[in-house]
Amino acid sequence: MEIFLQLLLTGIMVGSIYALVALGWVLIYKCSGVLNLAMGELTLIGAYVSLTFYGWGFPFPVALLATLIIGAILGILTERIFLRRLIGEPVLTVIMVTVGLSFFFRGIIELIWGTDTRVFHPPVFPYEPIRLGSVVIGQVYLWSFIAAMALLGILVAFFRYTRWGLAMQAMADDEMAAMSLGISPKFVYAAAWAIAFMAAGVGGSLLGNINGVNISVGYLGLLVLPAVVLGGLNSIPGAIVGGIIIGILQNLAGGYLDRFTPGGVKEIFPFAVMTLVLLIKPYGLFGWVRIERV
Amino acid sequence: MRMRLPSGVFYQTYKQDQALWPTAFVKLRMWGLLVFLFVIFPQVASPYWLSLANLVGYTILSAMGVQLLIGYTGQVTLGHAAFIAAGAYTCAVLVLQYHIPYPLAFLAAMIVAGLWSVLFGLPSARVKGFYLIMTTMAAQFITVDFIITQYVSRIGERGHSFSLPPGTLSIGPWVIQSDRDVYYLMIALVTLSVLAMTNLARTRIGRAWMAIRDHDIAAEALGINIVAYKLLAFFMAGVFGGMAGALWIASLFAVSPEHFTWSWSLWLVGVILIGGLGSNYGTIFGSLFMTLVMEALRNAVTMLAPLFPALETSFLFIKEAAFGLAIILFLLYEPNGLAYRWWQIKNYIHLWPFSYE
Numbered sequence: 001m002e003i004f005l006q007l008l009l010t011g012i013m014v015g016s017i018y019a020l021v022a023l024g025w026v027l028i029y030k031c032s033g034v035l036n037l038a039m040g041e042l043t044l045i046g047a048y049v050s051l052t053f054y055g056w057g058f059p060f061p062v063a064l065l066a067t068l069i070i071g072a073i074l075g076i077l078t079e080r081i082f083l084r085r086l087i088g089e090p091v092l093t094v095i096m097v098t099v100g101l102s103f104f105f106r107g108i109i110e111l112i113w114g115t116d117t118r119v120f121h122p123p124v125f126p127y128e129p130i131r132l133g134s135v136v137i138g139q140v141y142l143w144s145f146i147a148a149m150a151l152l153g154i155l156v157a158f159f160r161y162t163r164w165g166l167a168m169q170a171m172a173d174d175e176m177a178a179m180s181l182g183i184s185p186k187f188v189y190a191a192a193w194a195i196a197f198m199a200a201g202v203g204g205s206l207l208g209n210i211n212g213v214n215i216s217v218g219y220l221g222l223l224v225l226p227a228v229v230l231g232g233l234n235s236i237p238g239a240i241v242g243g244i245i246i247g248i249l250q251n252l253a254g255g256y257l258d259r260f261t262p263g264g265v266k267e268i269f270p271f272a273v274m275t276l277v278l279l280i281k282p283y284g285l286f287g288w289v290r291i292e293r294v
Numbered sequence: 001m002r003m004r005l006p007s008g009v010f011y012q013t014y015k016q017d018q019a020l021w022p023t024a025f026v027k028l029r030m031w032g033l034l035v036f037l038f039v040i041f042p043q044v045a046s047p048y049w050l051s052l053a054n055l056v057g058y059t060i061l062s063a064m065g066v067q068l069l070i071g072y073t074g075q076v077t078l079g080h081a082a083f084i085a086a087g088a089y090t091c092a093v094l095v096l097q098y099h100i101p102y103p104l105a106f107l108a109a110m111i112v113a114g115l116w117s118v119l120f121g122l123p124s125a126r127v128k129g130f131y132l133i134m135t136t137m138a139a140q141f142i143t144v145d146f147i148i149t150q151y152v153s154r155i156g157e158r159g160h161s162f163s164l165p166p167g168t169l170s171i172g173p174w175v176i177q178s179d180r181d182v183y184y185l186m187i188a189l190v191t192l193s194v195l196a197m198t199n200l201a202r203t204r205i206g207r208a209w210m211a212i213r214d215h216d217i218a219a220e221a222l223g224i225n226i227v228a229y230k231l232l233a234f235f236m237a238g239v240f241g242g243m244a245g246a247l248w249i250a251s252l253f254a255v256s257p258e259h260f261t262w263s264w265s266l267w268l269v270g271v272i273l274i275g276g277l278g279s280n281y282g283t284i285f286g287s288l289f290m291t292l293v294m295e296a297l298r299n300a301v302t303m304l305a306p307l308f309p310a311l312e313t314s315f316l317f318i319k320e321a322a323f324g325l326a327i328i329l330f331l332l333y334e335p336n337g338l339a340y341r342w343w344q345i346k347n348y349i350h351l352w353p354f355s356y357e
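Protein chains in written order, with my numbering: chain X, 1 to 294; chain L, 1 to 357.
Please note that a few of the clues may not be correct.
[Stated by the list, open to error] Counterexamples of contact, computed for chain X against chain L with all Cβ distances above 10 Å:
#1 Leu8
#2 Leu9
#3 Phe58
#4 Ala66
#5 Ile73
#6 Arg80
#7 Ile87
#8 Arg118
#9 Phe125
#10 Tyr127
#11 Gly133
#12 Ile146
#13 Gln169
#14 Ala170
#15 Asn211
#16 Asn214
[Claimed, not checked] Heads up, simulated DSBU-like pairs for lysine-lysine below, C-alpha to C-alpha not over 35 Å straight-line:
#17 Lys186/X with Lys281/X
#18 Lys319/L with Lys128/L
#19 Lys281/X with Lys30/X
#20 Lys128/L with Lys30/X
#21 Lys128/L with Lys266/X
#22 Lys266/X with Lys319/L
#23 Lys319/L with Lys346/L
#24 Lys186/X with Lys319/L
#25 Lys27/L with Lys346/L
#26 Lys281/X with Lys128/L
#27 Lys15/L with Lys346/L
#28 Lys128/L with Lys186/X
#29 Lys15/L with Lys27/L
#30 Lys30/X with Lys266/X
#31 Lys30/X with Lys319/L
#32 Lys266/X with Lys281/X
#33 Lys186/X with Lys30/X
Source of the hints: derived by calculation from the structure; they are not laboratory data. If you're wondering where the values come from, they're calculated on a predicted model, not measured in any experiment. Every residue, glycine too, gets a C-beta built ideally from N, C-alpha and C.
Chain X on its own, in the form it takes in the complex:
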């Protein structure tokens, strides 16, 4: 039971980071219809940028702020240079451009930062774990959870209460109507990419605090895909719930199934779950069901 609680709590906390990155993914999809496979590389960029700033001696919150700003600039540039030309192109073209982007980003990242694992030094969060009854949690996880939850809250509030957030929601809901109300689609697409880069960047720097930064953080960023499939591609609550569920399932699988196999279950389990979801309920928990007729 203790082990279960331990795994569950760790799962929720890691899952909240996935939820943050997944939110960025869903945002791009809802606003511009782009299915982005470069999400893993966006988290990597965030992780390395914050690591670099931290390495220069800035305190971690400042490094995080710098990550946000650089993420926003990169997001707007990416949208402006590559994706704006692709509006209305076939799905495969758009997806493959994001695949091309992921190769491009990864090559550049490896060129700049190399492939060795780097850690935040000195560690941002104390190693001393926190005890909640019989459950032990690393401070890294707790703070990551708090940061991810705070950002999720800010983003949700942004969509609900600000003019820009409402404009983005309107665009996601009905492009034509939104345009006739004077909302610029160019602005919305750029904002969606900027927010996705920012969310992925923060997610990446938090994940980097947990395990150190190397190319495998990009793999963790890919886990948003099972999360968004589980939650439903075009649902913001779905992304949050899906991310947390994937985090929990991954940790439970690592804890309970690993002993029956030679290893590697933890990495693969989210994808196995995703395959099952696709077979049974392809539109996820909260996604729109599309029925096609001639």
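Please arrange chain L on chain X, whose structure you already have, making use of the hints.
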């Protein structure tokens, strides 16, 4: 894209119209190409060029399955390396562990890879588009990163990789060990596969696949059993993948999961996008272009290395970034790929000097 005929050529029977090589000139050209590939090239080429040719051939065979799925049937796959790996490992395990002759293991590898591909093609009966991409991606991670790395690699206590000492593989008395031997096997397989693929596209099966690609609901209304033909496409793509995998182990000293990463799956999709979707020319041009350009890049880096020593170590990263940029630029500026350029050049020559229209 129907090729324009050179002036002065008229068909008088349907048989002429349907012929694979319609005119005497085309026949001559194709036989010339075959003689060059089978006789002249392996005699004059240095080992370096032979190994490069083998890499091109492997890429062609690997990309052919991807072309079949994406270019002909419209089922996007981002996990084809999984099926190549299934073929390679089936062949390696059968040869090393059970001492089954290479040709039989080769056939088994093709069938196993085909069936494995059908297994992950099953969701295509229910989902399509992005959702199918996700299942093929899952196929990649489940097959290579889990089943092969954790289970198959441990068969026979060989550790992480299966080593294949030279001389392990032989077809009857013919021992395949040098690059030249692999080249002969490769070129025979590539020729057969290209012919098979060309003819498949001209028959009922190929037409059905293209109908599904162009509009699946309309295809169903025409009486095409969509699920059966989709699964057949996955099976054939897996068979081509298994063939590529079983061939590739002949030119490797050891098989390990690192040969079949997700990047390789994405690379194959990039190859056919750059070459051109929906034609054999696309597969061949894409494979040639990507392999040769990357090799040229490597040579350029090696030449510049004395000036900039940092380049040597970072070649792989430059290659990755260049590949990504190449995909993006082709999709933005030449979405029909190299095959379309080729088609335009050929038409220009056919119609010269009166290229009006």
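Lys30/X and Lys266/X: Cα distance at most 35 Å? The hint holds at about 30 Å.
So if I understand the rule, the pair passes when the alpha-carbon distance is 35 Å or less; does Lys186/X with Lys281/X pass? holds, 34 Å
Could you let me know if the closest chain L CB is still more than 10 Å away from the CB of Ile87/X? Given that every Cβ of chain L is farther than 10 Å from that of Ile87/X, nearest at about 12 Å, it holds.
The output says Gly133/X does not contact chain L. Does that hold with a beta carbon cutoff of 10 Å? holds, 35 Å
Non-interface claim for Arg80/X, where every Cβ of chain L lies beyond 10 Å: Check passes; 13 Å lies beyond 10 Å.
Given the hinted pair Lys319/L and Lys346/L, is their alpha-carbon gap at most 35 Å? holds, 31 Å
For Ile146/X, which was marked as not at the interface, is the minimum beta-carbon distance to chain L over 10 Å? The claim stands: Ile146/X keeps its Cβ more than 10 Å from every Cβ of chain L (closest is about 31 Å).
According to the definition I'm using, a residue is off the interface if its beta carbon is farther than 10 Å from all beta carbons of the partner; does Phe125/X meet that for chain L? holds, 30 Å
Next pair to validate is Lys281/X with Lys30/X; report whether the Cα-Cα distance is within 35 Å. Given pair Lys281/X, Lys30/X holds - Cα atoms ~20 Å apart, limit 35 Å.
Taking the shortest Cβ-to-Cβ distance between Gln169/X and chain L, state whether it exceeds 10 Å. The assertion about Gln169/X holds, with a minimum of 22 Å to chain L.
Non-interface claim for Phe58/X, where every Cβ of chain L lies beyond 10 Å: holds, 27 Å
Was Ile73/X rightly flagged as not at the interface, with every chain L Cβ beyond 10 Å? holds, 19 Å
Of the numbered hints listed earlier, not one is contradicted by the structure.
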